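Engineer: The primary structure of each chain is shown beneath.
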Amino acid sequence: MQVGLHHYLVVSALLFSLGLLGVLARRNLLVIYMGLELMLNAANLALVAFSRYNANLNGQVMVFFIITVAAAEVAVGLSLIVALYRKRQSAHVEDLTSLKL
Amino acid sequence: MPALPDLLFYAFAGLTLLFGFLCVANPLTRNPVTSAMFLVLTICSLAGLFVLLNAFFLAAVQVLVYAGAVMVLFLFVIMLLDLKEEERRQLNKVALGAGSVAVAVIAGILIKAVMSAKPAAEQLVEGTTKPLGRILFTQYLLPFEILSLLLLVAMVGVILLSKKELK
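These protein sequences, in sequence, are chains A and B.
First residue of the first sequence? That's 1 in my numbering, and the numbers climb one at a time after it.
First residue of the second sequence? That's 102 in my numbering, and the numbers climb one at a time after it.
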C-alpha cells in the first residue's frame, strides 16, 4: 500500500498519545516536560505532512514558528522548575500540593 | 516489493514510536537521563520522517534546535537537580491504569478521525531553504519579528528567574 497522508497522520496521533501518556503517568516534572515536547513534535509532524500533501509551504513555516516558541518555552519552564526545586527541594508533582484545598 | 521511500517511512515511523515509548514509559528504568536520551533518538527519527516529506530545512532545524540546544538544556537541569529519589518512588497503579485507558480512547478517536478524512491530491512541494526563506521574509515577516521579540522576552525572563533572590 502506497504511503500517504493517512500514514503520517496515524504516526502523529500515536506519538501524541505517547506524549499524553507520559504527562499522565509520570510523576517527575522533567519527564512530564519531555512528554509535552513529544506532543508538540507530533503536531509538527502532522503539519509537515499536511504541507507536503497539499503542496503548500505555509504549514512548514508554522512548524518553524512552533520550534522557536517551543525552545523559548523550554527555557522558561526549566528555569521555573529550577527555581521551584531551590525552594522546595523536589521536582515531584506529588510534593507540590500547596494549592490543594 | 514496496518502494524504498515506503520502506524508509515504516522504518522511521517504527523507530519514532519505539523510542517515544521508551522515553515516556521505559519498563527497565525510570532514570530521567535515559528518558532524555530516548527523546533525542525520537527527535532524530522524526527528522528522518521530515526528510521523507521533503522538508529538508525543517529536518536540519529539528536536529540542530531540538536534539542540540533543547536537549542540552534538559540534561543540564537534570544534572543540576538531584533526582535519585525518583527511582525509589512507587508508581500509582490506579493513576497509571486510568491514564492508559484515557490515552487509548484519545488515540482511537484521533485515528478514526484521520481515517474518515478524504485523501488529498498528490502534489510535490520542496521545503528547501530558498522557498521557505522567501515565504518567511515576505508573507510572514511580522510574525517572524514578533518571534524575535518573544525570544528576547524569554531570555530576560529566564535570567530574572535564575537569579539567587527575587526582589
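No wet-lab data here; the hints were simulated from the structure.
Take these hints with a grain of salt, some might be off.
[Unchecked claim] Straight-line C-alpha distance at most 30 Å; calculated DSS-like pairs for lysine-lysine: (1) B:Lys213 to A:Lys100; (2) A:Lys87 to B:Lys219; (3) B:Lys219 to A:Lys100.
[Stated by the list, open to error] Chain B regions said to be covered by chain A (calculated; three or more residues, Cβ under 8 Å): (4) 106-117; (5) 134-146; (6) 169-182; (7) 202-211.
A quick note: this is a predicted structure, and the numbers were derived from the prediction, not measured.
The C-beta atom is built at its ideal place from N, Cα and C for all residues, glycine as well.
Engineer: So, for every hint listed, does it hold in this structure?
Structural biologist: Hints, one by one, checked against the model:
1. For the hint linking lysine 213 of chain B to lysine 100 of chain A, the alpha-carbon distance of about 37 Å lies beyond 30 Å, and the restraint is violated.
2. Simply put, lysine 87 of chain A and lysine 219 of chain B have alpha-carbon atoms about 52 Å apart, too far for the 30 Å limit, and the pair is violated.
3. Proposed proximity of lysine 219 of chain B and lysine 100 of chain A is contradicted: the alpha carbons are some 46 Å apart, above 30 Å.
4. With a threshold of 8 Å between beta carbons, the proposed coverage of the region 106-117 of chain B by chain A holds, since 6 of its residues qualify and at least three are required.
5. A count of 5 residues in the region 134-146 of chain B with a Cβ less than 8 Å from any Cβ of chain A is obtained; the coverage claim is therefore met, three being the minimum.
6. Counting residues of the region 169-182 of chain B whose CB falls under 8 Å from any CB of chain A gives 8; the rule of at least 3 is met.
7. Here the region 202-211 of chain B counts 6 residues with a CB under 8 Å from a CB of chain A, which clears the bar of 3, and the coverage holds.
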